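**Q** Chain by chain, the residues run as shown.
4 protein chains.
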Amino acid sequence: MHPTPTDGTRAGLADEFRRVRALTEHLCEPLAIEDYGLQVVPEASPPKWHLAHVSWFYETFLLMPSLDGYRPFDPRFAHLFNSYYEQTGSGFWPRAERGLLSRPRVEEVYDYRRHVDTAMLRLIECCDAERWPRVELRLRIGLNHEQQHQELLLTDIKRNLAHNPLRPAYRADLAAPAPGAPEPLNWVSFDGGLVEIGAGAEGFAYDNERPRHRVFLEPFALADRLVSNAEFLAFVEDGGYHDPAHWLSDGWARVRAEGWEAPLYWERVDGRWQTLTLGGMRPLDPAEPVCHLSYYEADAYASWAGKSLPTEAQWEHAAAGVALAGNFLDSGLLHPRPARGSGIRQLFGDLWEWTASAYLAYPGYRAPGGAIGEYNGKFMCNQMVLRGGSCVSSRDHLRLSYRNFFYPHERWQFKGFRLAEVE
Amino acid sequence: MHPTPTDGTRAGLADEFRRVRALTEHLCEPLAIEDYGLQVVPEASPPKWHLAHVSWFYETFLLMPSLDGYRPFDPRFAHLFNSYYEQTGSGFWPRAERGLLSRPRVEEVYDYRRHVDTAMLRLIECCDAERWPRVELRLRIGLNHEQQHQELLLTDIKRNLAHNPLRPAYRADLAAPAPGAPEPLNWVSFDGGLVEIGAGAEGFAYDNERPRHRVFLEPFALADRLVSNAEFLAFVEDGGYHDPAHWLSDGWARVRAEGWEAPLYWERVDGRWQTLTLGGMRPLDPAEPVCHLSYYEADAYASWAGKSLPTEAQWEHAAAGVALAGNFLDSGLLHPRPARGSGIRQLFGDLWEWTASAYLAYPGYRAPGGAIGEYNGKFMCNQMVLRGGSCVSSRDHLRLSYRNFFYPHERWQFKGFRLAEVE
Amino acid sequence: MHPTPTDGTRAGLADEFRRVRALTEHLCEPLAIEDYGLQVVPEASPPKWHLAHVSWFYETFLLMPSLDGYRPFDPRFAHLFNSYYEQTGSGFWPRAERGLLSRPRVEEVYDYRRHVDTAMLRLIECCDAERWPRVELRLRIGLNHEQQHQELLLTDIKRNLAHNPLRPAYRADLAAPAPGAPEPLNWVSFDGGLVEIGAGAEGFAYDNERPRHRVFLEPFALADRLVSNAEFLAFVEDGGYHDPAHWLSDGWARVRAEGWEAPLYWERVDGRWQTLTLGGMRPLDPAEPVCHLSYYEADAYASWAGKSLPTEAQWEHAAAGVALAGNFLDSGLLHPRPARGSGIRQLFGDLWEWTASAYLAYPGYRAPGGAIGEYNGKFMCNQMVLRGGSCVSSRDHLRLSYRNFFYPHERWQFKGFRLAEVE
Amino acid sequence: MHPTPTDGTRAGLADEFRRVRALTEHLCEPLAIEDYGLQVVPEASPPKWHLAHVSWFYETFLLMPSLDGYRPFDPRFAHLFNSYYEQTGSGFWPRAERGLLSRPRVEEVYDYRRHVDTAMLRLIECCDAERWPRVELRLRIGLNHEQQHQELLLTDIKRNLAHNPLRPAYRADLAAPAPGAPEPLNWVSFDGGLVEIGAGAEGFAYDNERPRHRVFLEPFALADRLVSNAEFLAFVEDGGYHDPAHWLSDGWARVRAEGWEAPLYWERVDGRWQTLTLGGMRPLDPAEPVCHLSYYEADAYASWAGKSLPTEAQWEHAAAGVALAGNFLDSGLLHPRPARGSGIRQLFGDLWEWTASAYLAYPGYRAPGGAIGEYNGKFMCNQMVLRGGSCVSSRDHLRLSYRNFFYPHERWQFKGFRLAEVE
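Chains as they are written, first to last, in our numbering: chain A, 1 to 423; chain B, 1 to 423; chain C, 1 to 423; chain D, 1 to 423.
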């Protein structure tokens, strides 16, 4: 469902647009009307907001500037559904208060989507040739943007429902695999040297993946799979959450301030660890990769284990020859699965992998001008890079050079980690 | 809709029960499903919570102890829908997080109500004579309790919708009266002396209205009507919100911390004052009593005007011979209306009147034992008494001796005030 | 200090002024320079601030308006040492930041005092007859004001030093009495009826003690002494701080939020209760009155004991015929002592007694105009009345009608309580 | 005054120790006793705390483990003066409350220093050969540690005094240079390529400077001097603090939350910019480098100017052949001075330079074990690297590979920046 596989024609893009839009709505089908407005923490936006915001994006960056005669569905929505674009002039409703709006109603938001869909398809069909290149680029950004929000939709639904002591499932019909034991962990060595990372000049990529550039790597090794629940449980049971020795200072402060005792969604019920999934509560599967943890927890585990986390350059170099395949949204599992097989694996899909790299500009990076330039560049501080996509990412949204980023304390995304060492 | 007018038979009480329950649901009819879960500030609970909480009250204090074989609809609801009763053993979901629960769904809450209704009617019909007196008393408390929540339902809906910049109306069909000029304000004198206030031993009353007791009053005078918007606007335009001279210290701190410039729901649009009503935005009517203000604002106005607020004893003494009639929920206006006629008026209905009395125990007051004793007594600190009922109170819920109470900074109820002076 | 024992002549007032000023400085003698600037919580001001603030009071309300040619010591001090008078025009340095000023130095503050002393004595001597009545009244207020700050100086020093884990004593040389058993508690009955309270028109009193007025009291009884440590310990050991049944709602919230387990300054060391005094740590004396507790704790104890707290009218009526004698600052103990003897006692001195009365205006009260009118009236909300003075009050500062007031959660003053009941 | 220039003998180290200790006390000479305990924000510790903490460091890491029979001055000081070492077992007094301790008195802290000095000199003299290597290493760390606190002492004194509206100067006798115009800014180009950075295996360096390693650099250019006040003022006057276009998202949030309008210590008085220095208020000198700003402000300026900040690798590579000379603590100016001369300058001294590099581990970095390993490694998250030292750093404390680090919002250190660009 994403630009790259299209044939590049306008018709192909229109199909692409329809598929992306339909998937967003498909993901909302299991929701009750009551779930659409829910936001239990500032970072987990309500489904209704996601549905409207991605539509606002097309309206603001494509329809208003490029479709003659376009009338916005409701001009007040610009204020309500702008996320953080300071330069659009509308201002934006506070992020932490997205759940405090019972109107527009869910049905009205779907009407808004229809309104935008119709206009977008008209734009794709009728746009003159002169404007088309810019429209096409922004459309690809818009589709990728909506795909990012599809992932957030699922992580936010999980987060918001998890707050409810009735423990409602998003989809009670999801199959729960039988727990098992993890496969042994092996190490894969790399020579390093002067390597290249980042997106080349051709094809669609976000600005933050460019320019492609050279990086020098010392020889290093990576674990051939993600750290498993069984392994992480050993850290928990060794008192990992009660001993500051292995924690970053800011991480330890967070552990104490928020009373962390285990990864998010782990719960000890009658002496047995369970974990919340989009399919409801399940016994913790030792073989699955450990999930929903912060950078601080990943780093503390690595320190406890005498290892480190990979840098993003190490990761990208190691993944460069590996097929972009794995457990994505497309599998329908909505949960990571145990590593199976041999060789380096789980690089793509299952879980975003925390890297040891801060999210910063590549050498020579320039943010595009105007409001759309606020997409990536202004977040280049205080966040860490994650790589590889997760079980709720669309496969065709991802690239080898794709850089995801979150604050080091954030846990609600599908995140795990892999060990590394410099030899 | 309330106990007193019944004939006292069980059949009469059953009818009463049905009427109270039906009114609560009737008040929810204009709501969208999306509105039921909304809570924009800790004090304004979601409609869904009110619907469930009043049912929990019957379940906890009547059905569980007195109906043999009663099975709760869902035992987990005790935790979710208890408000603040520490002694029931269930604990309670944090008040500030009542809007963070998308489940149970609205439909399930209505099912819960049906479940409780059926059991309650069975209890009323089948309760043995020995248990009946206690059941009857608690039933009367339960009905009064639900009536209180009917008022809160409306004030909370108003508060929650007001946060939305789309300014949705609860009922767009409400008639808006034509603005006018206020009638002149006159003073009514009272000799005072040794008077009695409080509820006598007979008839239903809350514990906090008892015992009836003697109070000595100096001669005093009361304004014959509530302070109007026109009068309060003069205070605003005189810089009242920018001059500390007339404010209580805590009040002035609040003014600055929250940036108050006028009563809640007043809004200056293009140089003209408007006010939000349950029927939507309306031009400010100079003749209407000023509404939705804190004790601090009422007190500052009184100081500015060289007057004071009545004590609750003065108020009750003055109201003792006045018919309990006025603009209540029953009028369907859902808004205060201008004083019309002559003589002391607006004592009942229109708006709760702030008094100069702190909410404290009457001499010899004892709270009842057990969890139900937490109804009134434990709030006897830091709050001020209000008297007389409002346009969203049921007429037959009120009594001359009725004591309402709120924190002095709270503004979202239908509250106004009347001037007094000691001669 | 203070006005009443003077002969009323200007020379007598000048002596009085010198005595009050000297006592303030005498109380600071045990301090290290380092202690003068300390403020560990917003409510406990640094000694240096008290020394300067009381001087600012004379400067602002007497020297500037009434002494021709007076030059302030440093005009910037008006901003730094005004406490909360909004109408003086200087604004005031934030209360919570009084400890964040290392300058002026202690020595400079003493120079400031000398400057004000000299000018004040000149004013007292040279003021013309026309201005004298107002000067005299304000001087009496200024002296009483400084006496209030002498008490605060000691309570704040205690609070600020108590925060230090080294547990420094203010005066290690204070004699510690041998612990003993409390005397039995007896009840004294009063008929009540229509009584008068408040200050009459003659003599010095604060505005809030006036006008004298009639109050009707039901028959009541008061305990003949304050509640003792032994009695309060029984409440603690009965789980009083862990059972919400007896607590006001706001009180219970405070208990949990701040983790209260006992009165302020009680500390369990090796299984034995100790308490911090101005003379350092001492074993808890069962016979002493319980001290340093909030209204919430006093009220919870009374509820647990099946009693109540006296109203201020009950207290004043009961104390009307009792000599104003007891354990005051003048005794030099700086700590309450056990009740000894018989009959109603400890009404004056030892500890301020929490009453069940909110701090409100007496009927017909008017605050004086101008900034000096901010002394008492603007605090008439959210606070409770205390009566009788304490072991750190000057005896001649007190009156039968004296009304002290604090927020119900505040504990750092020398406060205790006495039981009451309405018969 | 620091290890490297010593002759390496024990006698040389003892001299070094005496000199470092003496300098710390020399820097405190201008203080009043009242200044020693002052802390106006959590990050700016009181001078008294610095004096004691550096002594505690020797006591904990040298005297207790290595000097037989050593008795600590006061065992309770371990809790009071530990900064953040979790593994020492003493715990630590909260950082934000270091100013809430009036005891130990200043004189007692100096006694503590004497006690530690005597013992340390004995240890240096008498330590047996077997223990000596570890003692020597830790002594060098301890001396460097004290030098770091000498710098913090000055930055914290500046911060704490600046809060006082009386604007006291630390040293009113400091010479204020005449304002001038900045010299033109020129660019210096570097070829980049595969370069080495970090400290080699020999000589003293902190763990975070190692291992020395290879980094690939694209060709780049650096400005030949720091950005001046005149240049930064142009950004301010262009509305830089009111336009989100050039700000990082977290930076813009900070600008709005804290109301930033200019760098810290800039103040507009009667339309003219002034700035606070350790010598008091001075007119802003256009020629001086802009000082006391956050990473956010440095980055926003660079974005506005169409440039970037250097990475730490670029900086170190550019500085590799430059003499480690400049305006340090040793100059006695205690303030940055304008760039004079030609060629790349101000790399060392004047101001710490914000780099575009997050503070992270070098490849293969391992933190030492035990509590002393908490020195640097646990802060490798959320902070940015600064390079080059400042006008309040000791020259011989610095190295080419020295990495300083602060949170991006912090402004109270002597920090500035230099522009860079990738060609």
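Just so you know, these hints were derived from the structure itself, not from any lab.
Please read these numbers as outputs of a predicted model, since none were measured by experiment.
A few of these clues could be false.
Said to hold, decoys possible - Quick list of in silico lysine to aspartate or glutamate cross-link-like pairs, EDC-like style, CA-CA up to 20 Å:
id	chain 1	residue 1	chain 2	residue 2
1	B	307	C	237
2	D	307	A	207
3	A	307	A	191
4	D	307	A	374
**Q** Each hint should be assessed against the structure and marked as holding or not.
**A** Right, here's what the structure says about each hint:
Restraint check for residue 307 of chain B and residue 237 of chain C: not satisfied, since their Cα atoms lie roughly 50 Å apart, outside the 20 Å limit. Between the alpha carbons of residue 307 of chain D and residue 207 of chain A the distance comes to roughly 17 Å, so the proposed pair stays at or under 20 Å and holds. A hinted pair counts as satisfied when its Cα atoms are at most 20 Å apart, and residue 307 of chain A with residue 191 of chain A qualifies at roughly 18 Å. Of the pairs offered as hints, the one joining residue 307 of chain D and residue 374 of chain A holds, with about 17 Å between alpha carbons and a cut-off of 20 Å not exceeded.
Consistency note: the structure conflicts with earlier hint 1 alone.
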